[in-house]
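Residue numbers (the numbering used here), protein chains in the order written: chain V, 1 to 376; chain D, 1001 to 1376.
For the record, the hints were derived by calculation from the structure and aren't laboratory data. A hint or two may mislead.
[Claimed, not checked] Examples of chain D residues lying across from chain V (beta carbon under 7 Å, computed):
| id | residue |
| --- | --- |
| 1 | 1023 |
| 2 | 1025 |
| 3 | 1081 |
| 4 | 1085 |
| 5 | 1086 |
| 6 | 1205 |
| 7 | 1231 |
| 8 | 1245 |
| 9 | 1297 |
| 10 | 1301 |
| 11 | 1302 |
| 12 | 1323 |
Cβ atoms here follow ideal geometry from the backbone N, Cα and C, with glycine treated the same way.
Okay, here's what each chain looks like letter by letter:
Number of protein chains: 2
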Amino acid sequence: MIYFDNGATSFPKPNIVMQSALNAIRNFSFNSGRGGYRQSVRAAEKIYSVREKVGSMFGFEPQNIAFTKNCTEALNTAIKGSVKKGDRIIISSLEHNAVWRVVSKLKNEGIAEVDIADYDYDDDVCVSNFVKLIKPDTKLIVCMSTSNVFGVAFPIAKIGAEAKKRNIRFIVDGAQTAGIMPLNAETDNFDILCAPGHKCLLGQMGTGFMAVKEGISLNTLEEGGTGSNSLDSAQPDFMPDRFESGTLNNSGIISLGAGIDFINAKGMKNIYMHEMRTARLLYDGLNQDSNAVLYTPRPVNGKFAPIVSFNYKDYSSEKVAAFLAKNDIAVRAGYHCSPLAHKFFGTWDRGTVRLCPSVFNSVKDCEFFLNTLKKL
Amino acid sequence: MIYFDNGATSFPKPNIVMQSALNAIRNFSFNSGRGGYRQSVRAAEKIYSVREKVGSMFGFEPQNIAFTKNCTEALNTAIKGSVKKGDRIIISSLEHNAVWRVVSKLKNEGIAEVDIADYDYDDDVCVSNFVKLIKPDTKLIVCMSTSNVFGVAFPIAKIGAEAKKRNIRFIVDGAQTAGIMPLNAETDNFDILCAPGHKCLLGQMGTGFMAVKEGISLNTLEEGGTGSNSLDSAQPDFMPDRFESGTLNNSGIISLGAGIDFINAKGMKNIYMHEMRTARLLYDGLNQDSNAVLYTPRPVNGKFAPIVSFNYKDYSSEKVAAFLAKNDIAVRAGYHCSPLAHKFFGTWDRGTVRLCPSVFNSVKDCEFFLNTLKKL
């Protein structure tokens, strides 16, 4: 199989991720932080070492990394924990349903108003699209680092700088970039980062995290046993316990740590450059095929994640994906859970076929894909 | 290591669970229900087969099983999704913080009032303790199937029958029993079952589920991408998508399916009988040791989960656990996230040492534990 669906989950996982998951299943599947026996303590230490790795990669204190089951849970927790009745929220015009459905519910329940800032290729215009929506009761901005459908990047640091000036909380959805493009709470001026552990970070499925800057107060979405302050009927007010009720996914989290080791050893920049070269090979090949429809400029470094969306002839995106699947090429078709993005890019009628290469894709994979597509 | 901390998570996992997890990591780690390629479809089919197994074990339709990261998330979703402002909730006097902290927050936020029904060894008294708290605005009863600290079982079917008569929703927390004692939505008269996948069901950590009877309406706790109705800003109203936003923990869920296969092959009753015999060996040994303090009658079949709590001399529970840990015996000390239970059983001052044997513990394990303890 040629796998171009890394936007859904990364495949294959690096060998050290596989080995780490297997090792964790065998040796670290004990309830960390609850038992006093050696195996439980060692599991807790191992989990803490992953907090350190995540914190170090994104500019947070280790204890401020709360592990979740996926990025969606992290976003729900961060957004709902930040909003009070009467607040306004600004989101971008390309947000995923993991943000759009959450804020739509807050709006429908009369809790918050939602304003939508249009994406623009020009950073200054893009930033000003956010700024001009800011009202006195705007308390939160939520923005993806890059679109999960079209790959375009938002000028996160600049949007964050404007938010910071006005004391507006800024949540970044790093679903398609955390692990391949630099994202740092300090230099990029955001307060909370939500990300999956199984996409660019290359860990097992069933992992994600919410990283919170020191001093940010957040209401809880879930409460439960934390192994701390157990006699208290209130959830602990300290991280990460406040947002980690119940048993964690030890093997998943530990494998995510191995994913970070892989990235650090290879170099995040090298991985990104490889993936962007691959994305451009795909883009350029499609661009030379008069039957292919593309929606963005050529993906350039720093302004794009390695994601290319297209359609072919007048076929539905599903038909194209099904044809590719028959030829053992895995892509995803349809709306990619991002209706706003399709509205913005004019692909509401049929969605797109999405190509998300990884560090493991080769030039040959691209050629095979492009040649196969021509037979449709 | 002799492992008596199966109440936290089961160890070891059966071989078929390990193998199933490894196989799933290699072959089923694709985003199910999103991609049209063979591997994604096969992953979705595999996940569905686990819904069938869970549904069949507990009396639910397969599509009404929503997988969660743990039992705590399932309980948060079920409880918060059931309650409207002004409702009253009845819980038992032994509930875990996964219920107690959730309803305490609802109370503190002025959303719901909470009444606490005392446990009683006599089923009729126990049921009447619930019934006498029912008021016209009581809309929900939440009760564990057995205490996670003292092992005592609630007469779930009888409590459920009273709830059903009055059209009160009944949520059961099966944290310590789902997989070893029969629990059936139809015969036990409950509406929602919340359970972990990694305790009695023997799957990997990072799994749990909320099973919902057909026709029950539930608000969502989290919203996001579901791969369904993607153009709609509202969360789908059908199960399981409504409660499964974002990427699932495929390998965890698939391993939980293998755990159920193991249980079905061995026979749930046989597993329970073995564990109860083991629990009684531990109980009887402690009962003959004049330095041990026990808190319940001898655990009898059907009225107890295989859980024994004790203290030793006037030592703190942590001291006892630390001594056992030095001798490579894994137990848990303290409050087990259940302050209500310690209040009820009079162990608020030092908690308890908890023994939770599994199907893999032997008579020799019990003897070694009892002989070791005597040296303290």
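Right, here's what the structure says about each hint:
1. Checking residue 1023 of chain D against chain V by beta carbon gives a least distance of about 11 Å; that is not within 7 Å, so the hint is violated.
2. With 7 Å as the threshold, the beta carbon of residue 1025 of chain D comes within range of chain V, its nearest partner Cβ sitting at about 6 Å, so the hint holds.
3. At a threshold of 7 Å, the smallest CB-CB gap from residue 1081 of chain D to chain V is about 12 Å, leaving the interface hint violated.
4. Hint on residue 1085 of chain D is violated. Least Cβ distance to chain V is approximately 12 Å, over the 7 Å limit.
5. Because the closest C-beta pair between residue 1086 of chain D and chain V is about 16 Å apart, greater than 7 Å, the hint is violated.
6. Proximity of residue 1205 of chain D to chain V holds as hinted, the smallest CB-CB distance being about 5 Å (cut-off 7 Å).
7. This hint holds: residue 1231 of chain D has a C-beta 5 Å from the nearest C-beta of chain V, less than the 7 Å allowed.
8. Taking 7 Å as the C-beta contact cut-off toward chain V, the hint placing residue 1245 of chain D at the interface holds, the least distance being around 5 Å.
9. Interface hint at residue 1297 of chain D: violated, since its Cβ lies 25 Å from the closest Cβ of chain V, which is beyond the 7 Å cut-off.
10. This hint is violated: residue 1301 of chain D has a C-beta 27 Å from the nearest C-beta of chain V, more than the 7 Å allowed.
11. Interface hint status for residue 1302 of chain D: violated, as the beta-carbon distance to the closest one in chain V is roughly 27 Å, over 7 Å.
12. This hint is violated: residue 1323 of chain D has a C-beta 10 Å from the nearest C-beta of chain V, more than the 7 Å allowed.
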